[in-house]
Structures are given as structure tokens and as C-alpha cells.
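K.L.:
As they're listed, the protein sequences go chains A and B. In this text, residue positions in the first sequence follow my numbering: the first is 17, and each later residue adds one. In this text, residue positions in the second sequence follow my numbering: the first is 17, and each later residue adds one.
If you are wondering where the hints come from, they were derived from the structure by calculation, not from laboratory data. Please read these numbers as outputs of a predicted model, since none were measured by experiment. It is possible that part of the hints are untrue.
Because identical chains cannot be distinguished in the list, a pair is counted as satisfied if it fits within a single copy or across any two copies.
When the alpha-carbon atoms are kept at most 25 Å apart in a straight line, the in silico SDA-like pairs for lysine to any residue are as follows [what the hints assert, rightly or not]:
hint, residue 1, residue 2
1, K280, R396
2, K280, A400
3, K268, P376
4, K280, S379
5, K268, D378
6, K268, S379
7, K136, A174
8, K268, E401
9, K268, G354
10, K196, E241
11, K280, E401
12, K136, A157
13, K268, A400
14, K268, L319
15, K136, R148
16, K196, A410
17, K268, A373
18, K280, R399
19, K280, R294
20, K280, T394
21, K196, L306
2 protein chains.
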Amino acid sequence: SARVFSALAAGGVNVIAIAQGSSELNISFVVEGGQTAEAARRVHAAFQLSKIGGGRSPEAPRTDVVLLGFGRVGRALADQLAARNGGSRVRVVAALDRSGYVFDPRGLSRQRLLRLAQGKDQGALLAALGGRKAGAAEALAFIASHAVSRPTLVDVTAEETADLLHLALGQGFDLVLANKKPLAGSGQSYQALLAAAAAAGRRIRYEATVGAGLPIIDTHLKLVESGDRVLRIDGCVSGTLGYVLSSVSEGKPFSGAVGEAVDKGYAEPDPREDLSGRDAARKGLILARLLGYAGSPPAAEDLVPPALRRVPLPDFLRRISSLDEEWRSRVARAAARGHVLRYVVSATSRGVRAHLAEVPADSPIGALRGTRNLVSFTTRRYRAEPLVITGPGAGAQVTAAGILNDIQYLAAT
Amino acid sequence: SARVFSALAAGGVNVIAIAQGSSELNISFVVEGGQTAEAARRVHAAFQLSKIGGGRSPEAPRTDVVLLGFGRVGRALADQLAARNGGSRVRVVAALDRSGYVFDPRGLSRQRLLRLAQGKDQGALLAALGGRKAGAAEALAFIASHAVSRPTLVDVTAEETADLLHLALGQGFDLVLANKKPLAGSGQSYQALLAAAAAAGRRIRYEATVGAGLPIIDTHLKLVESGDRVLRIDGCVSGTLGYVLSSVSEGKPFSGAVGEAVDKGYAEPDPREDLSGRDAARKGLILARLLGYAGSPPAAEDLVPPALRRVPLPDFLRRISSLDEEWRSRVARAAARGHVLRYVVSATSRGVRAHLAEVPADSPIGALRGTRNLVSFTTRRYRAEPLVITGPGAGAQVTAAGILNDIQYLAAT
Chain A
17 SARVFSALAA
27 GGVNVIAIAQ
37 GSSELNISFV
47 VEGGQTAEAA
57 RRVHAAFQLS
67 KIGGGRSPEA
77 PRTDVVLLGF
87 GRVGRALADQ
97 LAARNGGSRV
107 RVVAALDRSG
117 YVFDPRGLSR
127 QRLLRLAQGK
137 DQGALLAALG
147 GRKAGAAEAL
157 AFIASHAVSR
167 PTLVDVTAEE
177 TADLLHLALG
187 QGFDLVLANK
197 KPLAGSGQSY
207 QALLAAAAAA
217 GRRIRYEATV
227 GAGLPIIDTH
237 LKLVESGDRV
247 LRIDGCVSGT
257 LGYVLSSVSE
267 GKPFSGAVGE
277 AVDKGYAEPD
287 PREDLSGRDA
297 ARKGLILARL
307 LGYAGSPPAA
317 EDLVPPALRR
327 VPLPDFLRRI
337 SSLDEEWRSR
347 VARAAARGHV
357 LRYVVSATSR
367 GVRAHLAEVP
377 ADSPIGALRG
387 TRNLVSFTTR
397 RYRAEPLVIT
407 GPGAGAQVTA
417 AGILNDIQYL
427 AAT
Chain B
17 SARVFSALAA
27 GGVNVIAIAQ
37 GSSELNISFV
47 VEGGQTAEAA
57 RRVHAAFQLS
67 KIGGGRSPEA
77 PRTDVVLLGF
87 GRVGRALADQ
97 LAARNGGSRV
107 RVVAALDRSG
117 YVFDPRGLSR
127 QRLLRLAQGK
137 DQGALLAALG
147 GRKAGAAEAL
157 AFIASHAVSR
167 PTLVDVTAEE
177 TADLLHLALG
187 QGFDLVLANK
197 KPLAGSGQSY
207 QALLAAAAAA
217 GRRIRYEATV
227 GAGLPIIDTH
237 LKLVESGDRV
247 LRIDGCVSGT
257 LGYVLSSVSE
267 GKPFSGAVGE
277 AVDKGYAEPD
287 PREDLSGRDA
297 ARKGLILARL
307 LGYAGSPPAA
317 EDLVPPALRR
327 VPLPDFLRRI
337 SSLDEEWRSR
347 VARAAARGHV
357 LRYVVSATSR
367 GVRAHLAEVP
377 ADSPIGALRG
387 TRNLVSFTTR
397 RYRAEPLVIT
407 GPGAGAQVTA
417 AGILNDIQYL
427 AAT
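Please model the complete structure; the sequences and the hints are all you need to start from.
P.N.:
Quick look at the structure:
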């Protein structure tokens, strides 16, 4: 009976009267009319869990993950979860795309996820891969109604998913985002998302949006939880821009550095997406909003001159070497002062900048090489000397690890 | 009634039969004889909590902290907790030293803690400061028996406290350590402490033992939780040795660098304690044990030559300049190869080294200046490029913050 009443209590269901035989084989209780559905769901869930989880205590329920998007990161995450071999309380029960969804309340097997991934690689949508055709609202409602335990929606798309996230919060999902866009729109849309989560009693985590698996958002949270005040966060949060600028500072022509970044897969096929600084600025905005910044997204400094921003990609790639001489002299001017060029985002509660900066060559940012990210926290307690985290800030495996840490945090608390 | 049964369920108490009137003013239930005490304690605690916490849900119990030791760090912690102004579920209910204890189940006020701190500063023991005279076992048993919610013992001493920690685990305390010694003894004593915690169903956290408030142990935990495998941890974990060696590498005489470290309060009054590398080696050992190392403490490389290790402090300080010439030529030999000297600890599952190392001047460790710490994680996923955390690794405020994060982790999970 402990499990029954614990489940009811966790659901806020108040028991008015109870009758139980000393055989312990049956129990009856009375609840208010409005709480009947919740009570039934809670008790049902508690005992379904006990069946699947092998007699776990009701304090350790499973966390059921619904994947929104299923690209490289989603697959790495599904693999990392599957590799835990049942030792985990977390499993993927559904995947969702714009066509529909696949759902199995017992968890999607690794094989099933792999086949879905292969199908998606060939351009198919989930509705055509054995899934059910449905709009997102319908899909979420269906999944949520099927006794899903601690449902968590993981957004690994790079799309404008705010509407869908609002729906998910309303259906009782916690959210884990690797997708920056829902957090990097207008101040109003950001506040609306947080307010919707608060109203629904749900939580949002997004470690993987900045620095992939590096513990950036988590470190901020820990600083705040311990009563520190974070004054500013500065960083190099674009591996592509880091690679290009450290190559250029070492004497490589700009065009060659950009070409290498594309060849090595660091940059998008159209490298102007990275060179625009927009992605770095989004990360800076997410950090500034952690510090209380309530304003609009910043205008990022674009490393592509206006004349080359809208020409077709082949034209851009042909003409990019025309920029080499200007970059060479910029680098030389900085070097004469003992400086190097880096693309830096700086976030405070008052705003965020994303810009090309000259920094001392022997400073922590100046000493960065290649695609490594760096994030520096200046706080009331870490004021003279900041707390700095550096490491690779991209890659499917480490991004998935950042997401997994968020899921586990939600599962544990 | 939800609260009653939730409390019982959380205590693993099984209810055999229940009778409740529809007035909801009284409720009776039957439990097994052996569970009577636990049931009474649980129900009592649940309603006492509701009185103190103002109707909080039974899922958010208070965490009651007992401070073992009350020096600079203990006071900073008490201040940080008090500064949270009741917004926190954590409070200090007792302080303990070798003379006895002070205890107030409603929480010790900031004023009371301040007066205790002043008394301790003047050399008094707690038994003489309005406390109760008692041995540690008696004190812990008394405190544990007085309806303490989620009791947590925080060890901020620098003493051999293993016996007392075992007692506390037996009395139901979770442990938070800033004290390295109980974790840095023989492999057997370390394993015994972990085994005692497991047997008692209690937890041990010790973020502040390495890097003070820097998120070192927590980052390791997150890497492991996400399924990564940490292959090695390298670091500069002594602010004093970092200060001395970066000064020496910049051309300062060894004796002058050591003198400055003492004057600035970085080093102990007898700087040989720091120069011995013993404290750095303890931190390295704690990191190696995280990686599965089961062996003995390492022999640290001592920067003080044998002839000066046992002479009285004034003799040592007079003769230290005799070492300057040897250090000057060491630094020059390293510089000729583009290297600088640093005191590095390296931890793997197979062992731990604590030694003076030559590292490239433009490497992350070579670029460290002053007292900053650096800890570098090389893992299966962060293999070519490690995950690196740097920042100040000492100081009462940041050490207390590391402890507070541990307490909050225990309170939240």
C-alpha cells in the first residue's frame, strides 16, 4: 500500500477515506471527483513501473524520452542511451517529425532506431517509415495519454520549434534543448517559453546549446545556486570561427583557412552561415539571458563583406581570395601590438556583443587553438581571476552527452 | 492524508490496514511491529516540516547541516547559508568539535554562529561556548535522534576524521567533505568509507577537496554519467606551487618567490608544507581514486632538499636562498627548450604522480599564471582535445561555495 499512497501523494491527490483488508490483497479509497483521473493514472503508472523496472521503489520512476528531430545528434543520443544496457532509467519511447511519429511505450529498440535513422538519411519522413501520420499536437497528445512516465521532449532540430514546445509543456513534458532557436528569438518569445514552463510546472534544460558537452550552463547554475552573482560571461563559442581565425593569425590566407574549415567538416557547406557570426551570437544571447538580459537578439559582426553576402555560393568561393590581403594586414597590425584576432561573444545582464576582437596573444583567449571553445565566468567571487572552461565545443557525441546530462538531471530531481 | 502516506512510503513503511473518517480529522493505520518507530518518526517529521516550511510539499524536506570544524571555511559556509534568507531548504542545526557540540533543531541563527566563530578565534572550544560537553559519538547520536531532517555532516577540518565519519554514516548522515585526509589515506581506509556509506544507504560528496569551488568532481561525475570513460586527469592543483613556479619561471629567485607566497597568505607559515607537494599529491590521489585507482598514496616529489626538511623554520628561511642558483639554472635549461617548470599531478586508474615537470611554455599548463589551478580531463570522447577547467583553486568563499553545491545536490536528489 505504500506504493499506492506514495503515487497518489506525488500527484497531489488527497485521499478522503480508505478501506483495506488485512489480507493486503485489495484496497479501496475515496478521492474527490475532480481528482479521479489523476488518481487512476498515478496508481496505474506506479504499478506499471514496478512491473517494468523490476520492483524499483516508487521514488525512481523511468524517464521516457521523445526525440524531436533525428539527425546525427539524435542518433548519437539514442546510441548512448541504448549502450547503457538497461542500467538506465531513461529510454526513448518516441520520435517525432513534421510528418508524424513512431511510438512504443516499452521503448524503441536500438535496431528500430537504427532503421529509422537509415530511412531518414534517405530522405524519408517518419510517417513513411512505419510511423503514424499526425500533426505535432495530435502526436504529443497521443503519446502523453499513454501512461508515459516523466515524459521529456528532446529538441535536436535546428528549426523554429517554439509552438511545438509550448504544446509539449501543456501536455506535461519537460524539455531538453540542443536547438538554440527557441531560446534565441525575441525577448518576448523567450519569456513566454519560460512562463509556459512555470505555469505547467515543467522544466527546461539546454546545456548542449552552448559548448556542446562542456559544462557551461550547469556551471552557471551552480554558481548562482551557491549565492554567487555572475557579472559577465565571455567566450569563443564557434569552433569554425576559432579555427579560421587561429589559422589566419598563424599566417594562413583567409580563403585557405575557410576552405580547410569546410573540407574538415567544421563549417557548413556554405561557410558564410558560420562567418556571419549569427550562430555565435545566438549562444551569446542564451548566456546573456541567463544573466537576466531581457532585450532583443544582438546584431552579430559579419566577417563576410556586404557585397559577397547574397551572391551564389560558387561565386562566393571564387571571390573569397579577394579578401586575403585585407585579412593579412589586419593580422599584421594586431601582431605588431602582440595581439591576435578572435571572434568573441560577451554577455552581461545589459546586453550581448558578438564581434571580431584583438586580444593579447598570451591571454587565455589568445592561447586558444583550432576549434576549441572557451567560456569565462567573471563573478562576484571569481572577479580578479575568472573561472574558465575550455574544450571542443562541437561534435555529435559530446553534444549528445550534454543532452544526456540534462535528461539525467531531470530524472534525478 | 496524502502527506501521511507519502511520508510512510518514503520510509519504506508498509501500511497493513487503515481507518479514516470522512471528516478527515483523524486517521488510524496498522503497521508491522518492527516498523512502528520508523512510521512514527516519518509522520512526525512530515508534519513538523509542514509547520516550519509553511506548507511545503512533502517532496521538499529541509536539509539540516551539522558542521564539523568551524574555521574560515565553516564560517563562510554558514554566512552563505544565512544570506539565503530563508529561501533555502538548508540550515545549520549544529556545530561539533572535539570538546562537544551546540545544537538547535530550529537552526542556529547567524548571530549565534558569529559569536561561536569569535569564541573559536580566541581559542575556546564549543563546550565552553554554551555548548554541551560530549564525545563525538554521543553528540552525533543525540543530534540524529532529535528529528533532524536529511541530516548532513560537513567536514571542514583538516584532520584525520575517518572514525567520526563512520559514526556519522551509521547515524544516518550524508557526508560533504572539504577535508581531503579521510579520502587520501590507505586504499583500504578509502574503500572502507565508501563501503560504510553504501551499507548505510548514505552519500558522500567532496567537490571542495580539489580546486575549491571549481566544478572538478562534478564534471567527472557528469562525464561518467553520460557514458564517457575518463582516461586521465592532469592538473596543477596547488595555488602555492603554481605561484612559486610561475614566478621562478619569470626570473624571480626561488627564495623571493617563496617569501612572497608566504607574505601574501598563499603558503602556510612554514612553506615547506606546500613545497613538499604532499597536499597536491592528496588531490591527485582523490582524482585517481575517482578513476578506479585502488592503491596507496603516491610519494610526492618534495621541492625541499633532504638537508633542509627537518631544520627549524627560521633556519630554513635563512638558508633557502642557497637554493636560488640551482633553480635559476633549472629554469634556464627548460627555457632553452621553450619550456617552463610546473608542479603537475597526473592521475589514471593505474596510479598517480605528483612531480615537477617541464611543459611547453605555450601549452595550457605552461600558460598558467599565479595561483590559478588547472584540471584537464582526457576521456574517450575528449581524447584529442581535453576538457579543461581553470580558475582560482583556493579561498574560503569559493571553497564554501563548492561545499554548498554539494549540500544542494544532496538536498535535491
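K.L.:
So which of those numbered hints doesn't the model satisfy?
P.N.:
Those not satisfied: there are none.
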